[in-house]
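> The chain contents come next:
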Amino acid sequence: MTDATVTPSIMNPRPMLRKFGLPALLLGFVLLATLLSGGKFIQPDNLSVILFQSSIVGVLVIGITFVMLTGGIDLSIVGIMVLSAILMGAAGSERQQMMLLNDIVPYVGPFWALVMALVVAALLGFLNGVISIRFGIPSFIVTLAMGLMLAGVALMVTGGSPIYYPPDFYEVFGETRIFGIVAPVYAFLGLAVLCWWVLKSTRFGVSIYALGGNPHASQLSGIPVVRYQILAFTICGLVAGIAGGLFLSRTGFVAPSSGGDLLLGTIAAVVVGGVSLSGGKGSIVGAVVGVLFLSSLSNLMNILLISPHIQDAISGFFILGAITLSNRLES
Amino acid sequence: MPDAVATLRNICKTYPGVKALDNVSLAVRPGEVLCLLGENGAGKSTLMRCLTGAEMPDSGEIVIDGTAYTALSATDGHALGIGMIYQESSLVPAMSVAENIFLGHEPSSGGMVNRRDLEARAVELMQRFDLRFPPDLPVRKLGPAQQQLVQILKALSRDLRILVMDEPTAALTQREIEHLFELVRTFRKDGIAIIYISHRLEEILEIGDRAVILRDGAFAAERKISETTEAQLIADMVGRNLDGKVSKKSHTGDKVVLSVEGLSSKGLFSDVSFDLREGEVLGLSGLVGAGRSDLLSCLFGATRRSAGTVRMDGAEIHPKSPREAIAHGMGLVPEERRADGLVLDRSVAENMAYPQLDRFVGPSGLRWSKLKAMSSQISERMRLRTPSQDQRVGLLSGGNQQKIVIGKWIAAGARVLLLDEPTRGIDVNAKREIYGLIEELTATGVSVILVSSELPEVLGLSDRIAVMSAGQMVAILDRDEATQINIMEHAFSRVSAGNGGIAA
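As they're listed, the protein sequences go chains A and B.
Numbering-wise (our numbering), the first sequence opens with residue 375 and increments by one.
Numbering-wise (our numbering), the second sequence opens with residue 631 and increments by one.
Only chain B is shown next, with the shape it has when bound in the complex (with noise of 0.2 angstroms):
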């Protein structure tokens, strides 16, 4: 077995109010797949960036090449060959695909940057992986997977020893998906280290040679991919055994609640039709940029509708803002939450009460007490884990601010959930509960529309599910007759080569 390229010894690593490592040990060697595993808030992220250079570990010690360090810069980090492709877009819209590979180490001379030079490397690194992107194009004109694919060339235009990947199939699609693993086998034979976090574990066994797990912080349990399943891993991540199956019992009643006939909108989707009925979970699958998205914020009132009607409770609506919609009974839980579904600066109880502040108005200002009994209520009755309800959203792990961006559509009574990806990058016992309380509101005759891109998800929680393809809605199968298979097969049935900004 090689030596370790790099290895972190005891690290440990408070924030105010939160231990996020405790003496955490890890070793990566350089030709594996070594994958970081852990419910959110587990330290994973923390954990990288103390091996980066992004943040400075409080104890312990980082050794690389035999030389130990306390703390490592972001200038060490670049300079040792430690790369970090990040959940959020590292890059800079406005500049072109050469210049944002090579930023802070452009090709020049006398401090001048030689444009002809640095975009002819841009293109010889592309070539080596068999990418083609036009040098000169602005990065905000590429869509998520391929700024992706941008950041990881980024990081390979340095010379690079260890690459972490954070989360780096959250915005791709399957095919998006079986290329970067491509790239990732070929980056492994050429002796990298690769250290690899994410949520998906069958991804996880698929590309892993050997996984880390961590709990709340600490080391949990180390497995050889080749020898572990995924049940294992996941009683590894929450400490028991839990089964990763979902199944909900149906609550479809007879009552058509939403009513959606030859609905467009100019350049997203067009002609969708369906109905949903009280009570029931209309799953809504497809690819990314098949136009689910806009569809509900379309519904939501928060893009421009150019045809079709939408009917709620018979009576033709029309909202033109979420203002509106909200007052329908519609409630909306974005794709980004931390950048659309909360105000990460202020307490819980305010982002509870914010789509019915005026319910909270009484002749002397607002009513606090009431406003706070009703958050409290609702963070019981969602299972929140917070200090107080004055606590501020943005410190809370992502399955709790999430619960946050249910919860205040509990609270304001919505009786049409549209949920955009509500388990994406969450732990897995928050995502359970996530799924009972979605199990719990149709009970109680909410719907609910949901978009996921995991499919068991979809297959596990809705009643009927909807297939979108190239802004048309090209199936609604019933919940026996749906298969990862045939909503696959249907999710592909518009997309043809260069159709559906699809990448490489």
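Bound conformation, chain A alone (with noise of 0.2 angstroms):
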């Protein structure tokens, strides 16, 4: 053999660090979290509400992942998100319109509204594809206009008034119990596990990971990059949308400027999930235990009753870390 023999990876603690790091990682804090706040963290209804509270967060995310595997970036997420959540109630409840203050969104119904947001999701995340991959301009300033413009559409549309009167089956699909766990969750969940598959078991999941590896190779291998590309915005997009939904079922509400940091706290999850920002690199899997991460550690931050002024701070610091650990592991 002219090749230097090659140990077997049993043998080499990095890549088995490289796949069970992270979950190792998340027991770790679990136990530490279980033990500082006197068992109060491991018991099944704070365990549940951590879930609960990862819910957005973690479809957001979910959404980010594909476009992220790809290369690119998308700033818009959040925008997409209460833009569609917006039109779900705006468009879906005979009480919201007569309290909105113009007529730019008509009432379909509640069925209609729902299916209209998503469409408009998924057109929105199928629009920042074509215009980055088809005219070559990076994603991140496409998105960030995006973004600008979707915060603008959504203070034109509700004239900058809140909207309080969804349908009520958001409210009824957010407190509906299964085992004790709210709906949302199981459509975090859920959705989690068929991205997981349709980026393992399909032909556009494997083509993801080599076109955002290299695009010009992927090309080459006749991989249809540019189709693929906008593809993951728009499921995006969709999954932007299917937010929106989620987010109208948690909190009953939503206005123009709900979307908040979530934007900031979507990226954070996904990077210290692993996925690369120069893509070809990362899993949902990873992405999801971010997220999990992150919502444990603020979790941990209010039963510890430490004080909402120094939390971010300390979420600062542990995104740091983690990052950081994350890429000794990679290299």
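Treat the hints as calculated values from the structure; they're not laboratory data.
Remember, predicted model here, so these are calculated numbers, not experimental data.
One or more hints might be untrue.
Said to hold, decoys possible - So, partial list: chain A residues that the calculated Cβ filter (under 7 angstroms) puts toward chain B:
no. : residue
1   : R577
2   : A584
3   : G587
4   : N588
5   : G596
6   : S681
What the hints assert, rightly or not - If you want a taste of the chain B side facing chain A, the calculated C-beta under 8 angstroms gives, among others:
no. : residue
7   : E908
8   : P952
9   : G971
For each residue, glycine too, the CB sits at the ideal point set by N, CA and C.
Combine both chains into one complex, guided by the hints.
Listed below in structure tokens is the structure:
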């Protein structure tokens, strides 16, 4: 053999760490959190709260993972989410219609409002993809502008006031419990499993990793690179629309300003979860673990009665630490 | 004999899963050209990275001017006068020639760069070596050969005592190589120690004083160039005697598979016509920039054609993307295998399957077991050395990577293979395996267009040899009439001064 002998991976800790490092870290954190909180953290009630609190960011993270695997980014994801939620509320509820300050959004009934909002969300994602891929403009810029524009559209269609009366079924959905866990959590986890499968077991999924890793080589191997890149943005938009529905079911209302700092939280969670900003590396499992880690952290700080004034600083510190660690494992 | 400027002693370096260097020692003396030889993965580049400070050895020491270091940093390397010209360009494309030359040590005062001084010093440096580039020209506007020279100037801009050149001629034409050798001889006279890494043995015999041969990360042999032969060096590298000559039986059939007429691509090549028969190897020779790679990429649908017709099995085809060309049964092995041929972060199995993922989609998603079975079957046929089908391609050696690039087209059942420099930068053994594979494939009726800058390779493998010069096909020679001399004559036939992108 001309090659140097290759040791089996079992003898080398790095691939093992790479594969299981993050879940192991999460487990370690859970143990530590349980000790620190005197067992409160591990209570089933508390865990279901964490899952519930993770569900919206979790869904956003799943969507943005598709785009980031292609090497792009979607900064309009929260804008799409908020606008979809507004459409679901404004076009789906007669009561809300009477409250609206203008007639831009017509009443179409709860079901068609949901369909319309999801179609709009997917179209916006598609538009992001087409502009950025076809015209070769970095997605960072395209989606930043799109996000700003959507924030403006949200103000325009609502006249600035919040949507207080979305159709009832969002609230019903948000309060439905199966085995003590609310329905949005199942939606989040179900979507995660579905997307994990798509990335692992479809032609599209395998191709996404290929073109994120090396677009030119993928092109020369006959992978429809442009089509799949645009599809990734479209999926991301659609998933952001679904997050809009979950937002309504959790809070019962939505305002143009509802996005808040969700975008930063989403990107932080994805990156902590090991999804590379340059494309081709990462997984849904990692991204979801990233979300759960950050939610658990903030939950623990609440249990420990840590002042909200310093919580952000602590979170930031842990995000930096986690990213540095996962980077070390990668190289 | 003068004292060594640098001595590497018992250097060891291990990467995850690979022992890259095993107790290697090496001394370089001023004013000599020390050639470092070995197959890919033999440890040449790693050893040099330890010397320049780009890599830390696990153990051993580096002695420079009597001071022993256990490891150097890149800054130490610069300060001690060690410069390296890498295989891949280390220039910043958007910056000017002068800025690139002095990158990291710009003439400045109080933190401000003095641009006029910078350019004046760049010009002065160029004049010393009889080179002329506009100092304010962005590097991206230069051809690969010229960029190579700028890299050399960059190394020379520091007080240089050791210059490491890693495959410096890979992208150069014969004339440019001559010029490079003149430069190397000047350096040698100036007392600079040169460490020269190349797979091209004829170059080593021409320019080298001494050769050190590495095998599997360990010292294998040392030879004085004046007392050795090509066969001896090859034997040292592979550890056994090998006949360096290539020759292949002809498997050309009667049926014309691919027929090209008047094919043009604006600004790249024009009016190219030829037929390719079943089982035939058509060599495509010419200088760098003559349009050979552009012709392949146009046939493969990766670049636009502006005129002409292409027929496959008599029917006209118009591939507008590689995807369509693949559907017609073509496969391209691109020149830059890492950049264009592979997804380095993904597994062997995935890379093998990319052109035909559809084939593995079942009702419940991708059938990984079927995909991996295909991949291991091809791996076996190609004698691919990989611990598993899940191995990341980036961790394999160059020769094994190239086998995957070719293997994926075999798996996809390509009938016309477009090979662009298929053996560039890979070791002797892998090269022979790839030659054998071409033979095997053509025997089953696969047709090949082979672009190669190594004339013995083209002459040994091709049934006919087409020569391109400055964007036109100037000759198609039969195997028995082609010689290195008449090929080169045709290749230069349309190149006059200032034509065809030839530097210096």
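> All hints are to be evaluated individually against the structure, with a verdict given for each.
Status of each hint after checking the structure:
1. For R577(A), the shortest C-beta to C-beta distance to chain B is roughly 4 angstroms, which falls under 7 angstroms, so the interface hint holds.
2. Because the smallest distance between the Cβ of A584(A) and any Cβ of chain B comes to about 5 angstroms, under 7 angstroms, the interface hint for this residue holds.
3. With 7 angstroms as the threshold, the beta carbon of G587(A) comes within range of chain B, its nearest partner Cβ sitting at about 4 angstroms, so the hint holds.
4. Hint on N588(A) holds. Least Cβ distance to chain B is approximately 5 angstroms, under the 7 angstroms limit.
5. Given hint, G596(A) at the interface with chain B, holds; its Cβ is 4 angstroms from that chain's nearest Cβ, closer than 7 angstroms.
6. Using the Cβ-Cβ criterion of 7 angstroms, the hint placing S681(A) at the interface with chain B is not satisfied: the shortest such distance is roughly 43 angstroms.
7. Checking E908(B) against chain A: minimum C-beta separation of about 23 angstroms lies over 8 angstroms; hint violated.
8. Of the supplied interface hints, the one on P952(B) holds, with its beta-carbon coming within about 5 angstroms of a beta-carbon of chain A, less than 8 angstroms.
9. Because the closest C-beta pair between G971(B) and chain A is about 6 angstroms apart, less than 8 angstroms, the hint holds.
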